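Student: Sequence:
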Amino acid sequence: MRRCLIAVLRGRCASVTTAAMIARPEILCIGSVLWDVIGRSPAQMAKGADVPGRIVKLPGGVALNIAMTLARFGLRPALLSAVGRDPEGDELMAECIGLGLETSFVYRSDDLPTDRYMAVEGANGLIAAIADAHSLEAAGAKILRPLTDGTLGSAHQPYQGAVALDGNLTAQLLEEIARSDDFRAADLRIAPASPGKADRLLPFLRAGRGTLYVNCEEAGILCKTRFDDATTAAQALVDRGAARALVTHGGAESCDATADLTLTRCPPEVLVTRVTGAGDTFMAAHIAAERAGADRETAFARAQDAAALFVSGDTPS
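Each residue of the sequence shown is one higher than the one before, counting from 1 in full-length UniProt numbering.
The set of hints was computed from the structure by calculation and includes no laboratory data.
Here the structure is a predicted model, which is why all the values come from computation and not from measurement.
Ideal placement from N, C-alpha and C gives every residue a C-beta, glycine not left out.
Warning: the hint list may mix true and false statements.
[Claimed, not checked] Here are the in silico distance ranges between beta carbons for each label pair: (1) Arg265 / Gly313: 45 to 53 Å; (2) Asp132 / Gly250: 21 to 29 Å; (3) Glu253 / Leu99: 17 to 25 Å.
[Claimed, not checked] Listed below are the simulated DSSO-like cross-link pairs for lysine-lysine, each with C-alpha atoms no more than 30 Å apart in a straight line: (4) Lys142 / Lys47; (5) Lys57 / Lys224; (6) Lys57 / Lys47.
Start from the sequences and build out the full structure, keeping to the hints where you can.
Tutor: Spelled out as structure tokens, the structure:
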């Protein structure tokens, strides 16, 4: 099965036509699509720790994590990203197809290698992580061509569906997206990817466009201060121009804020077994709930419940 999928990706299965492969996506996931290499240990870890554990390799990246969760909730997400035409890229695309994701719009580069993310997690949470998204950054606006060449949208008919966007794109490209008419009709949902890239979302505050999904630390970076609770952080983001802000704070109270309504809720208490991807799961579950017609309170609760299931080691669906 996997060999056949890889053959399709390399163009050797001529019987599979483009028309047959492409279905109109319900949501676009734009950003990092890569391999996660994650080391996990049940031990408490400090700087320099050398402990036994498990190392896994699995499909990842913020955009891909969101897309995989959306697919589990029954949606048809499409990926817009950059993936190399190397063996790692072919294997990754085959995995994505097997998960029910639309990969026809992914920019495949002959010169750029497939990106990777590496993290170490202990019983006390994420210890360290490095995201190598240099190929995505180098590809730049090429990944957005389907939104301007008439495939998914054009200047006269901009894309009108939902878009999950992550901060692994360059600051310049995110600035262009925040101001671009190509996204004027889209329901933009935006995540920073990591605290180290949180300030890349500042253009969306200035433009007053999109829904931001951040944690307290990332909200503090955007507001150039420190927050001890999600409610204060979410309200500060709205005051600075955010159209809507959803702020999480680990196991503490989370907040969903707009200029006219603020919701707060504590997530379920669970035993934490993993953390990488929890924020992406929260965001995807929230988008899926709202697209299914849930009101704000219900969507907020479903997102927290899904994230709690994820960190406990279960898979939300």
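Student: None of the hints should be skipped; say for each whether it holds.
Tutor: Against the structure, the hints come out as follows:
no. : hint                        : result
1   : Arg265 / Gly313: 45 to 53 Å : violated (22 Å)
2   : Asp132 / Gly250: 21 to 29 Å : holds (26 Å)
3   : Glu253 / Leu99: 17 to 25 Å  : violated (33 Å)
4   : Lys142 / Lys47              : violated (39 Å)
5   : Lys57 / Lys224              : violated (35 Å)
6   : Lys57 / Lys47               : holds (23 Å)
When each numbered hint is compared with the structure, violations occur for hints 1, 3, 4 and 5.
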